[in-house]
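Participant: Position one of the sequence shown corresponds to residue 89 (the working numbering), numbered consecutively onward.
FYI, nobody ran anything at the bench for these hints, they're computed from the structure.
Keep in mind it's a predicted model, so treat the numbers as computed, not measured.
Treat each hint with caution, since some may be false.
[Stated by the list, open to error] Quick list of simulated restraints, FRET-style, between CB atoms:
| # | residue 1 | residue 2 | range |
| --- | --- | --- | --- |
| 1 | I98 | N249 | 22 to 30 Å |
| 2 | S128 | F240 | 45 to 53 Å |
| 3 | P130 | G252 | 52 to 60 Å |
| 4 | F90 | G333 | 26 to 34 Å |
All residues carry an ideal CB built from backbone N, CA and C; glycine is no exception.
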Amino acid sequence: MFATPSSRLIFGLLPWYSVLIVTGICLALLIASREEKRLSLPKDTVVDMALWIIPFGVIGARLYYVAFSWETFAGDPLSILYVWEGGLAIYGGVLGGLLAAFLFARRRKIPLGTLTDIITPGLALAQAVGRWGNYFNMEAYGAQIIDPAWQFFPAAVFIPNGNGGAWHMATFFYESMWNLGVFATLMLIRRRMRRPGDTTLWYFLLYGAGRLVIEGLRTDSLYAGSGTIRISQVLAIVMGLGVAGIFFWRTLRSQGLRRLMRPSSLPMLGCVALCIGLAVYLNASGFGGIEASTLQCAALSLMLIVSGATLYAAHQS
Numbered sequence: 089m090f091a092t093p094s095s096r097l098i099f100g101l102l103p104w105y106s107v108l109i110v111t112g113i114c115l116a117l118l119i120a121s122r123e124e125k126r127l128s129l130p131k132d133t134v135v136d137m138a139l140w141i142i143p144f145g146v147i148g149a150r151l152y153y154v155a156f157s158w159e160t161f162a163g164d165p166l167s168i169l170y171v172w173e174g175g176l177a178i179y180g181g182v183l184g185g186l187l188a189a190f191l192f193a194r195r196r197k198i199p200l201g202t203l204t205d206i207i208t209p210g211l212a213l214a215q216a217v218g219r220w221g222n223y224f225n226m227e228a229y230g231a232q233i234i235d236p237a238w239q240f241f242p243a244a245v246f247i248p249n250g251n252g253g254a255w256h257m258a259t260f261f262y263e264s265m266w267n268l269g270v271f272a273t274l275m276l277i278r279r280r281m282r283r284p285g286d287t288t289l290w291y292f293l294l295y296g297a298g299r300l301v302i303e304g305l306r307t308d309s310l311y312a313g314s315g316t317i318r319i320s321q322v323l324a325i326v327m328g329l330g331v332a333g334i335f336f337w338r339t340l341r342s343q344g345l346r347r348l349m350r351p352s353s354l355p356m357l358g359c360v361a362l363c364i365g366l367a368v369y370l371n372a373s374g375f376g377g378i379e380a381s382t383l384q385c386a387a388l389s390l391m392l393i394v395s396g397a398t399l400y401a402a403h404q405s
């Protein structure tokens, strides 16, 4: 029934992709508005911030995508404006949104971490909804699935081609479900965060861990260098190690090296060491090797999450 979409359009010239993106944005604003009240921020802070973040985010998402797939647009630069046909890179959207949030925070004299904390849970939900736009555009899918036992939705999606079509991994669905889990997790832990920006750090860690694995399954990744480096995977590793590093530094500052080396901390330190070791190994084997090493990526993602959690827990103790 859902093996392949019947049309990219809901009716007339209205595309599903655009409707789902707008729906995701509306849900994110609704959740952020509730967080605004919970944190007693000035009324309409979220609405005013949205007027900055949404355009910056869309422009950033498009420019990021265009920058790493310029050959697609070189012959017709005007097609850069056709965002309803797909081609929005979430990393670019996040970077654009962060820039807008930074400028807005400076203008309103509100801590940047507080603003990003009220945004990130809804952002994860918006990503979960927006990924279904890839389904209707028949994009962001993975490698071909040959085994008939797995040729069904949502494990796979049927992509038409000149030879009739083929079944591919439904990676858009995988990421949608992961992002839904990230949203649920952030909503559960947000009240326990002790300082502004902590919820945001957990978003980066959890989203990056999932993206690191799922990106390795896709066939339409954005590449850099010699065409073997998946940009999204590199950024996911940088984000994960960055967050783990921040948590480690906080723990070191609050507890000191001697307390950090006590026996109860050894499992935590072992986890961090294993995480760093895996990252070094992946780097030594070449980022091109990540493409064919889904299990290694999954192991690295798990270590990033576990090391981040243990370091954060140690800091709170």
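Participant: Which hint numbers does the structure go against, in order from smallest to largest?
Facilitator: Failing hint: just 4.
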